[in-house]
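Make a model of the complete structure from these sequences and hints.
Heads up: the sequence lines are chains A and B, in that order. For the first sequence, position 79 matches number 79 in our numbering, and the numbering has no gaps at all. For the second sequence, position 211 matches number 211 in our numbering, and the numbering has no gaps at all.
By construction, these hints were calculated from the structure, which means they are not laboratory data. Cβ atoms here follow ideal geometry from the backbone N, Cα and C, with glycine treated the same way. Please note that the accuracy of each hint is not assured.
Think about it this way: if two alpha-carbon atoms lie no more than 20 Å apart in a straight line, the pair counts; the simulated SDA-like pairs of lysine to any residue are [to be verified]:
(1) B:K133 to A:R11
(2) A:K188 to A:D130
(3) B:K110 to B:F197
(4) A:K14 to B:P158
(5) B:K133 to A:I397
Computed footprint of chain A on chain B; a stretch qualifies when at least three of its residues, placed anywhere within it, have a C-beta under 8 Å from a C-beta of chain A [what the hints assert, rightly or not]:
(6) 69-79
(7) 100-108
(8) 112-118
(9) 125-136
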Amino acid sequence: MRDIFFDLSVRSVKLNFLRSLLASIGIVIGVVAISSMGMLGTNMQLQVKDQLSQGANTLVITNDAVRIGFPGSTPSASSSSAGITKTQLLKIKQAAGTGVTVIPLYRTSTEFTLGSVNGRSSVYGIAPNDITSFLTIANGTNIQGVNDALVGSTFATNFNLKLGNRIHIGKENGTESRPTVRIVGILKARGVTSDNVNTDNAIIVSRDWYTDHYGGVDQYNQVNVIVKNIDTLSAVKTAIDAKVNTDPKTPVIRIQDASSRLSSITSTLGTMTTFILAIGGISLLVAATSIFNVMMMSVNERIQEIGILLSIGTERGEVRRMFLYEALILGILGGGVGGLCSLVIGYSVVSAMIGTTAYFFLPESIVYIPGGMIIGMIVCIISGLYPAWRASNMDPIDALRSE
Amino acid sequence: MDLSETEETVRAAGMDETPLIRLVDVSKVYHLASGDFTALDHISLDIMDGEFVALMGPSGSGKSTMMNQLGILDVPTTGELYISGKNVAGMTNLERTHMRRDTIGYVFQKFFLISLLSAYENVEYPLILKYKKRDTTGRAEAVLKSVGIDREMSAHRPTQLSGGEQQRVAIARALVNDPKILLCDEPTGNLDRKTGFQIMEILVGLHREGKTVILVTHDPKIAEYAKRTVTLEDGRIVGS
Numbered sequence: 001m002r003d004i005f006f007d008l009s010v011r012s013v014k015l016n017f018l019r020s021l022l023a024s025i026g027i028v029i030g031v032v033a034i035s036s037m038g039m040l041g042t043n044m045q046l047q048v049k050d051q052l053s054q055g056a057n058t059l060v061i062t063n064d065a066v067r068i069g070f071p072g073s074t075p076s077a078s079s080s081s082a083g084i085t086k087t088q089l090l091k092i093k094q095a096a097g098t099g100v101t102v103i104p105l106y107r108t109s110t111e112f113t114l115g116s117v118n119g120r121s122s123v124y125g126i127a128p129n130d131i132t133s134f135l136t137i138a139n140g141t142n143i144q145g146v147n148d149a150l151v152g153s154t155f156a157t158n159f160n161l162k163l164g165n166r167i168h169i170g171k172e173n174g175t176e177s178r179p180t181v182r183i184v185g186i187l188k189a190r191g192v193t194s195d196n197v198n199t200d201n202a203i204i205v206s207r208d209w210y211t212d213h214y215g216g217v218d219q220y221n222q223v224n225v226i227v228k229n230i231d232t233l234s235a236v237k238t239a240i241d242a243k244v245n246t247d248p249k250t251p252v253i254r255i256q257d258a259s260s261r262l263s264s265i266t267s268t269l270g271t272m273t274t275f276i277l278a279i280g281g282i283s284l285l286v287a288a289t290s291i292f293n294v295m296m297m298s299v300n301e302r303i304q305e306i307g308i309l310l311s312i313g314t315e316r317g318e319v320r321r322m323f324l325y326e327a328l329i330l331g332i333l334g335g336g337v338g339g340l341c342s343l344v345i346g347y348s349v350v351s352a353m354i355g356t357t358a359y360f361f362l363p364e365s366i367v368y369i370p371g372g373m374i375i376g377m378i379v380c381i382i383s384g385l386y387p388a389w390r391a392s393n394m395d396p397i398d399a400l401r402s403e
Numbered sequence: 001m002d003l004s005e006t007e008e009t010v011r012a013a014g015m016d017e018t019p020l021i022r023l024v025d026v027s028k029v030y031h032l033a034s035g036d037f038t039a040l041d042h043i044s045l046d047i048m049d050g051e052f053v054a055l056m057g058p059s060g061s062g063k064s065t066m067m068n069q070l071g072i073l074d075v076p077t078t079g080e081l082y083i084s085g086k087n088v089a090g091m092t093n094l095e096r097t098h099m100r101r102d103t104i105g106y107v108f109q110k111f112f113l114i115s116l117l118s119a120y121e122n123v124e125y126p127l128i129l130k131y132k133k134r135d136t137t138g139r140a141e142a143v144l145k146s147v148g149i150d151r152e153m154s155a156h157r158p159t160q161l162s163g164g165e166q167q168r169v170a171i172a173r174a175l176v177n178d179p180k181i182l183l184c185d186e187p188t189g190n191l192d193r194k195t196g197f198q199i200m201e202i203l204v205g206l207h208r209e210g211k212t213v214i215l216v217t218h219d220p221k222i223a224e225y226a227k228r229t230v231t232l233e234d235g236r237i238v239g240s
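This is how it looks when you write it as C-alpha cells:
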C-alpha cells in the first residue's frame, strides 16, 4: 500500500507536470554528460590497456644516460655515449636464465629522403634474427643483406612505399653522399605497445648497418627481455636488478616492466577521465539549481497546505519526507530518462571518438549509466533538502494565514 | 439547543471535577517592530468536558489567538495551559503534534481541505497519521456518512464540492480520530445562512454525543447554539 505522503508528492508533480519535466531535463542532461564522459574515458583506458598488454611480458632495460643520436645528423661514428654495455648485456642474459629472449637494440631519430620527399623518422638497429621474435613482417622478407631495411605500416602507407624502394638516410647537404637502404619488408601494425618499440612509423635496419653509420658498438640504447611465462616477469626483473645494479644507491640500469608503464599510462588516462567527469558534473550542478528552484516554488505555492497538514497533526518529519519524495520523483524521472539517453548517446560518442564499441558493454564501462542515474537522484535529494527543511519548520499559524 | 434541561443536568452531574481545558493567567504578547502587542492579557478560564462554549468578541479581541492556544498551534508567553490535565508548555513539539492529531479536532472558516486529496482521502488522512496505514475499518466512510456525505460525493476533490459540503468534510476530518475537543473557528463564516444552520445542527449533535465544542463566532444567532458564551475584548474576558 502506497505511502500517503508519496501519493501527495506524485500528485503535486502531476499538477505541475511541465515545470517538473523541465527541471528533470536538467538532470537528464547531467546524467547523460557524466555517464557518456565516464564511458568515453573508460573505453579509452580499456583500449589503451589492451594495446599495451601486447608487450606485457617484456622488461625494458635502459641506461639512465641513454645515447641518443643527434636529430638530423648525418650518420657518423662519433655519436656514441653511455648505453647498455656488452658486459651489462652479458650479465642481463646470465641473470635472465633460460626460456627468456634478450633483445639488445639501438635507436635514434634521423632525417631521410625518399625520392623527392624529405622526412624524419625513428631508426631502430636490431639483429635480423631478433626481429622475428617480437615483430611480424606483413609483407616482404626479413633483413638479409647489409643495406636491407624494414619499415612500419604507417610509414609505408604515408610515403606510399613499395618493396624495393630506397631511402637515403641523413640530412641532404649537397656534398657528402648519404647511405641508402632498400626496403625488403613492411611490418604489421603494432599500435601503442608497452615494450617501448614503436615501429609503426619507423625504419628498422640491422645492428651492423646501424653501428657502421652511427657508431656506438656494444652501447645499446635499450635491451628488451621477453619472458615466456608472464608470471616469472617479476622474478626475472629482480634477478637482473640484483646482478647488474650491484650497488642499490647507484643503479647503472633502469628496468621497467609493462605493469609499471601500464599503471603510469592508465593513471594518466584515469586523471583525464576524472577531469572530463568533472566537466560533466558541472551540468549536474546547473540541474541541481533548477531542482532547488522548482522545489522552493513548490514549497512556496503550498504554504497553506503545509499549515493545514501541521495543524491537523502531521509530524514535521512527515512534511519533510513529503517534499523529499517530490525531489526524489524528479530524480527518478530525470535519472531514468537520462540513463536511457546515456545508453544511446554514450554508444554514439564512444563509437565516434574511439572507433570501436568493443569495450562499451563491459561492466567497468556500462557501470557509468547506473552510476550517473544514482548521482542524478542524489543531486535531486540534496537539492530538495533545504526546501523540505523549510517546509517542515514553518509556523503553522503563519502558514495557514498565507494566501 | 435541543438538549432538555434534564439531559444537561445529568451531564453536568457526571462531569469530572478536573476541567478538560484550563487556562491559568495566560498572556500572549507579540513582539512587533512597532512595540509589544498583548493579544491575550492574563486570561484564566476552565472548560469542562462536554461543554459547548462560544467565544465572542469584536475583531482584534483575541479570539483567534485564544483558538491558536487551545489548538496548541501556539504556546502562551506567560501563564499555563492545561489540556486533559497536561501542561502544554512542558510538552515536546512531537507530543503537541500528537495531541493535535488525537485529542483536538479543528474546523476552520475556510475549510482548509487538502486540494490534492479527495474528500474521502481528506477524512482518511488523520487516521493514516495516527495508525500509519490506510483505513480498512470503514471508519472514514462512516464518519463522512454521519455528516451527510455519501460515497459518491466523497470521491470528489474539494474544489468539486459546495461550501457546505466542504465544511461537512472538514468536520468529518476533525472527528475521524474521535477527539475530545472540537475547535470551530467561524465554521459558518463562509456559508450561506441556511447551510450555516445545518452545520450548527451537526455541531449540536456532536455536543449531544459528548464532544467538547468550542466555537468562535461573530454571529449572536450562531452563539445561541452554545451553552456558554465567553466574551473577549482587548485580550481580556469581559463576560462568561
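Results for each hint:
no.	hint	result
1	B:K133 to A:R11	holds (19 Å)
2	A:K188 to A:D130	holds (16 Å)
3	B:K110 to B:F197	holds (16 Å)
4	A:K14 to B:P158	holds (17 Å)
5	B:K133 to A:I397	violated (27 Å)
6	69-79	holds (count 3)
7	100-108	holds (count 5)
8	112-118	holds (count 6)
9	125-136	holds (count 7)
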